[in-house]
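For the record, the sequence lines run as chains A and B. Following the working numbering, the numbering of the first sequence begins with 1 at its first residue and continues without gaps. Following the working numbering, the numbering of the second sequence begins with 1 at its first residue and continues without gaps.
In short, the hints are calculated from the structure, not lab data. Treat the hints with care, since some could be wrong.
Identical copies carry no separate label here, and so any pair may be met within one copy or between two of them.
[Said to hold, decoys possible] Simulated crosslink set (DSS-like; lysine-lysine; CA at most 30 Å straight-line): (1) K72 <-> K292; (2) K72 <-> K13; (3) K297 <-> K13; (4) K72 <-> K297; (5) K292 <-> K13; (6) K25 <-> K292; (7) K297 <-> K43; (8) K25 <-> K43; (9) K13 <-> K43; (10) K162 <-> K13; (11) K297 <-> K162; (12) K43 <-> K292; (13) K72 <-> K162; (14) K25 <-> K297; (15) K25 <-> K72; (16) K162 <-> K25; (17) K162 <-> K43; (18) K13 <-> K25.
2 protein chains.
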Amino acid sequence: MMASTRSVEPDEKALSLDDVEELSKRVLSRHGLSSDHVTAISKLIVAAERDECASHGVYRLAGLVRTIISGKVNRGACPAVSTDETAIVRVDADGGFSPLAFNIGRPELVTKARRHGIAAMIINRCVHFTALWPEVEALAADGLVSLAMTPSHSWVAPAGGKKALLGTNPFAFAWPRTGDHPYVFDFATSVVARGEVELHRQRNLPIPAGWAVDPRGEPTRDATLALAGALLTFGGYKGSALSTMIELLAGPLIGDFTSAESKAFDSGAEAAPLHGELVIALCPDVFLGDSKSDYMKRAEAFFDLIETQGARLPSQRRFEARERTSRSGIAISRVQYEIIAGLLA
Amino acid sequence: MMASTRSVEPDEKALSLDDVEELSKRVLSRHGLSSDHVTAISKLIVAAERDECASHGVYRLAGLVRTIISGKVNRGACPAVSTDETAIVRVDADGGFSPLAFNIGRPELVTKARRHGIAAMIINRCVHFTALWPEVEALAADGLVSLAMTPSHSWVAPAGGKKALLGTNPFAFAWPRTGDHPYVFDFATSVVARGEVELHRQRNLPIPAGWAVDPRGEPTRDATLALAGALLTFGGYKGSALSTMIELLAGPLIGDFTSAESKAFDSGAEAAPLHGELVIALCPDVFLGDSKSDYMKRAEAFFDLIETQGARLPSQRRFEARERTSRSGIAISRVQYEIIAGLLA
C-alpha cells in the first residue's frame, strides 16, 4: 500500500488512495454486495476522494450501507445490455447500484456513437450511486462528447410551486481535449445539494435565503423546515425548466421512474433513489470528418478565451486536486473515519 | 382579410394575423428576399405575434431589413439537405436566414429519429432569425421529443470572467402531449435578452443589479455601459456552463462559428449572427415501444402535479395568447407601425 505523505491535522486521519479503495471494498463486501459491484463503486469512491469531491467519497459509505440494509438494492444484480439496429443501448441494471450498469453498457454506447454519430444509452432500474462526471469523463477518454442526466428523489419544488416534486436532477457534460483533461461539468439543478442543507442542520446554522421553502411552501432559512419542505431550483424558472426536462428525458421517455415515483417507492426507507439514467454520446469524427482537427482547435481557442480573461473552466479544482492527492493521498476527519470503522463492526 | 375585433388604445393599431403576414411579406419582398424565405420568415413572425411573443414579431422586421441591407445574408439562398447512413442530417443554409433551412431539413430529421430512435440535425451557415420554440413545437407535432440550441454573437461573459465571449445562446425543449399543447420551453442562457437592456437604455432606466458588467468587467446598472460591456449568464456558474456547452455543441462540434467568431465576422455591421444550429430529436415510439402509452400517461401525471400545486408550465402564457389572438387579432403601437411603414418607403 502506498504510504501517504500528506501532512494532517490532529483530528484527521491520513489515507493513501489505495487505503481508500481497500476501506471501501471492505465495507461494501462486509454488507454482502457482490464483488463486481464492490469493485465498480470503490473505484468511484477513490476517484471522488482523489478529486476532493467529498460528496461521492467515503462519506457515502454509510448511505450505501443503509441502502443495502434497507433491502432496496439487489446486492448481486447482474446488469444486462440489450441492443438492436437503432442508436439506442439499453442496460437493465436489475435493481443494482448504477456504476456497474454504466461500465457494462459503455462499450456498446461507444460503438453506436461511432457508427451513427449520435447514440443514447438508457440505464433502467438502477439504484443511485451516480456521480455523472466520472461517466462523461470516461466517454471523453473514448473521444466522445456526452451529456448525462438522472432524476433522483422528489426534494425540489418547481418554480412558482410550493411542494417537492422534482429531484436534484444532475446534468453533466464532457468535451474531449487533446493533451489535456476534458472540459467537464456536472451540477445539480437544485440551487444546492441536499447535503448542504443537512450540514447546516447538523451545525444549527440558518441556510441562505433562496435555497428552500418550508412544508407550507413559504420561503425559509430554517434547515430543518427546509428538509421537511422543498429545495428550490437554481436559476429560477430556467433551472426549473431544465430540471423538468431531466425528469421527462430520464424518466418517462426511458420507461423509468420520475423523482416523485422514486420517492413513493422508497416509502420512508431513506434509501438511495431508484431511477433511470440517460446518456447521449456524440462522435466528433462522424460530425466533423476531415475538418475535426480544425474545429477541435477552434474549441481550444475558445477555452483559451475563457481562461485568459480570468474565468476558470469547471472541474479545474478537481483536476488540480487529482494532481495533488495522487502524490500525497488524502485526509479525512477522525469522526468520519470512526463512522466508517463502525460499518465494519 | 379577417377583420380584427380587438379593442385598441388610441396610440395602437389593430391588426389581424392575416394583416401581420401580409405586412411581413411586403417588407421582406421589398428588400429582395426570395419568396421561399419571405414565406418561411413571415410565418414565424405571425406565430410570434399570435403568441404575444414580441421579441420575434414585427419588431424584428427592422433588424431583418438591416441585415439584408448589410449584405451579410444571402437573399436567395437555397438550403441543401445531405444525408447518409448515420443518424445525422446536415443542412447547408447557404448563408441564408435559418427558418427555411429548418423547414427543409425537418422531414429527414423526423425520418431518422423514427428509424434510429435518436437523431441530430445540423444547420450550418445560417443567418439568425431563430426562435427555437416554433421548431421544437413543430417536432412535437411530429410526435418527437426534441432539444435545440444555437450560439449567437458574443455578448455575454462567462461566470468569473469580465469580457463578452458567450452568446445569449438559447436552449429549447419540447415534449409532445396528446390532446394538449406540447410541454415547451425556450430560454436564453443570458440572465436577460439583450433587447431588455436596449429597452432600458432607450428609456434611460437603470438595469437591475446582476444583469451585466461594464467594459472593464465591473458590475454596472448603466444600460449603455452594459451594452458596451457584457451581459451575465442566468444562474451563475451553472448557467455559464450550460451556455459554454451550447457554444461547443452548436459551434465546433457541427463545424460552425462560436459566438465570438460570429461577432468577428460581423465586424461592426450589427447584422444578425451567422451561426449553426443543433437539433436533437428523440422518438418515444422507439424508446418505449409497447409501453409508450403507459409512460406518456405518467408524464401527464407529472405535469398535473406541477399545475395542481399552483406552478405554471412554461409557454402557457403563449398558448393562452394564441387562443385570444386567433379570435381577435393583435395591436401594435403606432410608433412601431410607422417604423414598419418606413421600411416600405
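Tested hints:
With identical chains, the CA atoms of K72 and K292 are at most 30 Å apart between copies only, with a shortest distance of 26 Å across copies and 46 Å within one. For the homomeric pair K72 and K13, neither the shortest alpha-carbon distance inside one copy (32 Å) nor that between copies (64 Å) is at most 30 Å. In this assembly of identical chains, the alpha carbons of K297 and K13 never lie at most 30 Å apart, being 44 Å within a copy and 52 Å across copies at closest. With identical chains, the CA atoms of K72 and K297 are at most 30 Å apart between copies only, with a shortest distance of 26 Å across copies and 47 Å within one.
When the C-alpha separation of K292 and K13 is checked against a cutoff of 30 Å, the pair qualifies neither within a copy, at 47 Å, nor between copies, at 52 Å. In this assembly of identical chains, the alpha carbons of K25 and K292 never lie at most 30 Å apart, being 42 Å within a copy and 40 Å across copies at closest. Taking the shortest Cα distances, K297 and K43 never come within 30 Å of each other, neither inside one copy (32 Å) nor across copies (38 Å). In this assembly of identical chains, the alpha carbons of K25 and K43 lie at most 30 Å apart only when taken from the same copy (9 Å versus 62 Å across copies).
Proximity of K13 and K43 under a CA criterion of 30 Å is satisfied intra-copy only: 20 Å inside one chain copy versus 67 Å between copies. Proximity of K162 and K13 under a CA criterion of 30 Å is satisfied in neither setting, with 43 Å inside one chain copy and 41 Å between copies. Within a single copy, K297 and K162 get their C-alpha atoms only as close as 47 Å, which misses the 30 Å cut-off; across copies the closest is 23 Å, which meets it. In the homo-oligomer, the alpha carbons of K43 and K292 never lie at most 30 Å apart, since the shortest distance is 33 Å inside one protomer and 36 Å across protomers.
With identical chains, the CA atoms of K72 and K162 are at most 30 Å apart within one copy only, with a shortest distance of 29 Å there and 48 Å across copies. Taking identical chains as interchangeable, the C-alpha atoms of K25 and K297 are never at most 30 Å apart, the minima being 42 Å within one chain and 42 Å between chains. For the identical chains of this complex, K25 and K72 are intra-copy neighbours only, at 20 Å inside a copy versus 62 Å across copies, given an alpha-carbon limit of 30 Å. In this assembly of identical chains, K162 and K25 lie within 30 Å of each other by CA distance neither inside one copy nor across copies; the values are 41 Å within and 46 Å between.
For the identical chains of this complex, K162 and K43 are neighbours neither inside a copy (39 Å) nor across copies (38 Å), given an alpha-carbon limit of 30 Å. In this homomeric assembly, K13 and K25 come within 30 Å of each other (Cα to Cα) only inside a single copy, at 18 Å, whereas the closest approach across copies is 74 Å.
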